[in-house]
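*Asks:* Following the hints, position chains B and C against chain A.
Chains as they are written, first to last, in this note's numbering: chain A, 1 to 323; chain B, 1 to 134; chain C, 1 to 563.
Calculated from the structure, these hints are not laboratory results.
A quick note: this is a predicted structure, and the numbers were derived from the prediction, not measured.
Built from N, CA and C at the ideal position, the CB exists for glycine as well.
Keep in mind that the hints are not guaranteed to be accurate.
Said to hold, decoys possible - Cut-off 25 Å, straight-line C-alpha distance, at most; resulting in silico cross-link-like pairs (SDA-like, lysine to any residue): (1) B:6 with A:125; (2) A:218 with A:229; (3) B:6 with A:19; (4) C:453 with A:92.
Claimed, not checked - Derived coverage of chain B by chain C (criterion: at least 3 residues anywhere in the stretch with Cβ under 8 Å from a Cβ of chain C; other residues may be distant): (5) 23-29; (6) 68-79; (7) 91-101.
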Amino acid sequence: MPFLGESIEETVQKILAGDRRTSGRLITRLEDGDDWGKEIMKRLFPRTGRSMTLGLTGAGGSGKSSLLNHLIERFRKMGKTVGVIAVDPSSPFSGGAFLGDRIRIQHHTRDDKVYIRSMASRGYLGGLARATTEALRVMEAMGFDVVMVETLGAGQDEIDVIRLVQTCLLVITPGMGDEIQALKAGIMEIGDIFVLNKSDLDGSIQVLRSIEATLSLKPGQEGEWKPKVISTVATSGEGIDDLMEGIMAHQDYLHNNDAMERAAFQRVEQELGLIFRDELERVIFKGLKGTGKKRRYIRSIIDGKSDPYTVIEEILETFLKER
Amino acid sequence: MVEKRKIKVVISKVGLDGHDRGAKVVSSLLKEAGMEVVYLGMYQMPEDIIRSAIDEDADVIGVSYLSGEHLVFTPKIVNEMKKHGLDDVLFIAGGVIPPEDIPSMKEMGVNKIFVAGSLTDPLVEYIRSNVRGK
Amino acid sequence: MCSVDELEELEKGTEVDWDSYLKAYYEKPRSAKTWSGFDVREIYTPKERVGKDYDETIGDAGKYPFTRGIHGNMFRGRYWTRREVIGIGSPADTHERVKVLADHGGSGLNTIADITYEMGLDADHPWAMNEVGLTGVNISHIRDMATLTEGIPLDKVSWSLITASTVASVTMAQYIAVAQNRGYDIRGLRGSVQNDPIHFRYCGFRPACPLDLSIRLGCDVMEYCTRNMPKWYYTTVNLYDLREQGITAPQEVAFGFGIAMIYVDELIRRGLSIDEFGPRFTFYVSCHTDLFEEVAKIRAARRLWARLMKEKYGAKDPRSMQFRFAVHTAGCSLVPQQPLNNIVRISYEALAAVLSGVQSLHCCSYDEPMCLPTEKGHLQALRTQQILAYETGVCNVADPLGGSYFVEELTDRIEEEVLKIMKQVEEVGGMKEAIRTEWLDREFEKEALKRQKEIDQGERLVVGVNIFSTEPETETPLGVQRIPSESARTQIEETKELKRTRDKCRLKDRMKQLREDAEEGRNVLPAMIEATKTFATTGELMGTVRMAMGYSYDPMEIIECSF
Chain A
1 MPFLGESIEE TVQKILAGDR RTSGRLITRL EDGDDWGKEI MKRLFPRTGR
51 SMTLGLTGAG GSGKSSLLNH LIERFRKMGK TVGVIAVDPS SPFSGGAFLG
101 DRIRIQHHTR DDKVYIRSMA SRGYLGGLAR ATTEALRVME AMGFDVVMVE
151 TLGAGQDEID VIRLVQTCLL VITPGMGDEI QALKAGIMEI GDIFVLNKSD
201 LDGSIQVLRS IEATLSLKPG QEGEWKPKVI STVATSGEGI DDLMEGIMAH
251 QDYLHNNDAM ERAAFQRVEQ ELGLIFRDEL ERVIFKGLKG TGKKRRYIRS
301 IIDGKSDPYT VIEEILETFL KER
Chain B
1 MVEKRKIKVV ISKVGLDGHD RGAKVVSSLL KEAGMEVVYL GMYQMPEDII
51 RSAIDEDADV IGVSYLSGEH LVFTPKIVNE MKKHGLDDVL FIAGGVIPPE
101 DIPSMKEMGV NKIFVAGSLT DPLVEYIRSN VRGK
Chain C
1 MCSVDELEEL EKGTEVDWDS YLKAYYEKPR SAKTWSGFDV REIYTPKERV
51 GKDYDETIGD AGKYPFTRGI HGNMFRGRYW TRREVIGIGS PADTHERVKV
101 LADHGGSGLN TIADITYEMG LDADHPWAMN EVGLTGVNIS HIRDMATLTE
151 GIPLDKVSWS LITASTVASV TMAQYIAVAQ NRGYDIRGLR GSVQNDPIHF
201 RYCGFRPACP LDLSIRLGCD VMEYCTRNMP KWYYTTVNLY DLREQGITAP
251 QEVAFGFGIA MIYVDELIRR GLSIDEFGPR FTFYVSCHTD LFEEVAKIRA
301 ARRLWARLMK EKYGAKDPRS MQFRFAVHTA GCSLVPQQPL NNIVRISYEA
351 LAAVLSGVQS LHCCSYDEPM CLPTEKGHLQ ALRTQQILAY ETGVCNVADP
401 LGGSYFVEEL TDRIEEEVLK IMKQVEEVGG MKEAIRTEWL DREFEKEALK
451 RQKEIDQGER LVVGVNIFST EPETETPLGV QRIPSESART QIEETKELKR
501 TRDKCRLKDR MKQLREDAEE GRNVLPAMIE ATKTFATTGE LMGTVRMAMG
551 YSYDPMEIIE CSF
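In isolation and in its complexed conformation, chain A is listed as follows (with noise of 0.2 Å):
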């Protein structure tokens, strides 16, 4: 298939050249899982790895949004260009979603070095979209400095974007402190910097000292970093200076250590993971599409004649046969 009837070769200069229609149009082919995608990817992606990343991701409700509006306007003061990737929900029922994150960031449109593209989940788990670890690429091949991400915010197992970015702010607010405790045990793993917004509501210091003392339990080694607690009152703007000081702090330690080598790993690692498992269910599946088989398989679970452990390995046999 074709795209924007260009050749591959066309396309991908474009994209490295900051082209904003042919980088939407590739990071839809991309959420399709679109073949002619995945070979733009390709040439794409020793151009990718060099921004910095950041993610927030917290529940719905939290101030995501607000404290990312702030966000870009500090990177954009300076001298930041910015690309944002915002995840919401699909309707398991629909398919459709109603992708209301722009809405709170819109006016940023109205600047040519800030990029913003919505995304569905698409049924997708863990807190981001299908496609969102390539459109992450796509952006950093277009060249912006700074590319952040804002899961969904439907709960606490949104942990992908940990691997995925930098810099992780996991955002809590005042009231969640039973979510805190039900975390206990991973909350070090999950955020760098933990932004307590709305810090201005009642409530607020004991949460603050809930996570202090969770985070206290682990003592840390000698030169780790050591995840910070930082309030906010995202409304007002209060606070964001010394979330922006620890976002850089945070960013300091990775460079000054060999901690950022372990962050372009763990990225790889889970790209790689996700890759492999969207491309081997797409193969495989590919081979049964408009063959009826699938219904038939369903069919013969339901009626007691096999079960899905069965139903699969003859799947894979199959197709290893058919290799």
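*Replies:* Same frame as chain A, now just chains B and C:
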């Protein structure tokens, strides 16, 4: 798994008019019809709408007019679309638009107009059967 | 008469579907619910009234709790004020339309501002230029207000100024400045200003009306008028626009009262007593197509407000307990499909308003879902009111539906529902909190979506839309209103010219005073009036107060303060 390609719609108000009930309701209804809808909100200028549509790679641009501003902004939006070569993107207008203006708006380049009181099914049907292949 | 050929042709052309004809004969209503979704029984009887004391729960018109009306003799004392909202293009254009309606028997002047003014932008603001005068009259400075009110005896007419947003403070300053320049004593001015900046959040640009600024400026106007303009109605809390979001009748009252109480609380905090300001507190209410429900809603609102004022706020003066209201027939009930049907819808809605004992009525024009109201449309709307007043006899008796088993029962149920919703609001932390956390936004969105789905699925019938629909119209029956682009250009030029030629030294002094008053928490009205007289513009007055309150000078963040 290969699934049906999603239709992406950018919905917006334009200029200063603050009547956004219709735009929000349409956004929700299109979501329920299985589309991915980016709602830009109020106070958008034609350039903002087109920039957003490009970044989001929208298949459809929907603009809601309620205060007689349709004749002011429609040509500007169409111009922006032409300037950026969005000739395969559908431009749908909705809201308070006198029937007298519908032919001239179509001539300007609006693909379809759904005035106040329109039902949802015909809108969904129109988008599904006229949206571009990618 | 048709020829035989023509008759045969006609018979061939119109195939009657006899099955559906028979179905229509036996057809019965699909739903036994009110517009807001209350289930209703086949018949209501005296049983519903058992144990309910007449004087306590209903009472005569003119007596607490005012369920039946605020005046004992209602329209026998005076008709409602027949107002039609006017606002097109420049102040001169609007002035012309005002005179036309006054010539045809309108009894109250009612002007609406354009969106640029509502947002506090001058005509020459880069964002305003596209839309000056498009949805109302543009007033950028004192000369515009002078043109608008030219030759009109301000001490005799009652003028209703529809400015909903924080700019209502500027509107009052401009109106007062013009009146004083003409030698009027402002204590004698009669009329009203909408001045409900909180509600403007729901139909306007939020950065132009932050909550604290809304409360501050809204209450500055209320306080100033209470102290200096005893005949002026200083707020018209706008329930109408809330209802237009798609919510139900009880929600309209509950949310509107929630907002009203924010103002009441603030005025009391400022040291005014409830009986000082209570008698001039007014409301702006919607009337939808469900006649009985709308009448019951207003009766319930009257009773609730009276009790609220007396029991919660300790009002002693009965006038403080009276729910005074204007009605705007429901714009969102009108559709562009078969537009002449709108005249019928508007008539029923206006009838509901009159049967409820309305103080002031605006009827929509039938052409509103297609374009801005035309002069013919405006006149037709005024005629609708006049037919009600002079031909139908519905205004001879106070609360003619009072005592109807059904209407009394529905009144009680709406009252209960309103109280339930008010409690919900309390549970989310009160109305300010409901606004701040966008709880109220979510309620609006939920309800609007529900209404549209009901229509899509045929559960709610709208003639011409989902039943008895026909080919789309190709023209608007009485023509389309156009705003001359010349008016906008002149308006912009005049504003620029004024800014070039005025005496800047005097202006600067006055603006400094305004800024200080705003910063130090004094009422800004006196300084605004003086600054207006030295040709401070709308955008400059608002910008200065905004900056004093810690906001950007320009809500669109494009232009900077020039002082």
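*Asks:* Which of the listed hints are broken here?
*Replies:* none
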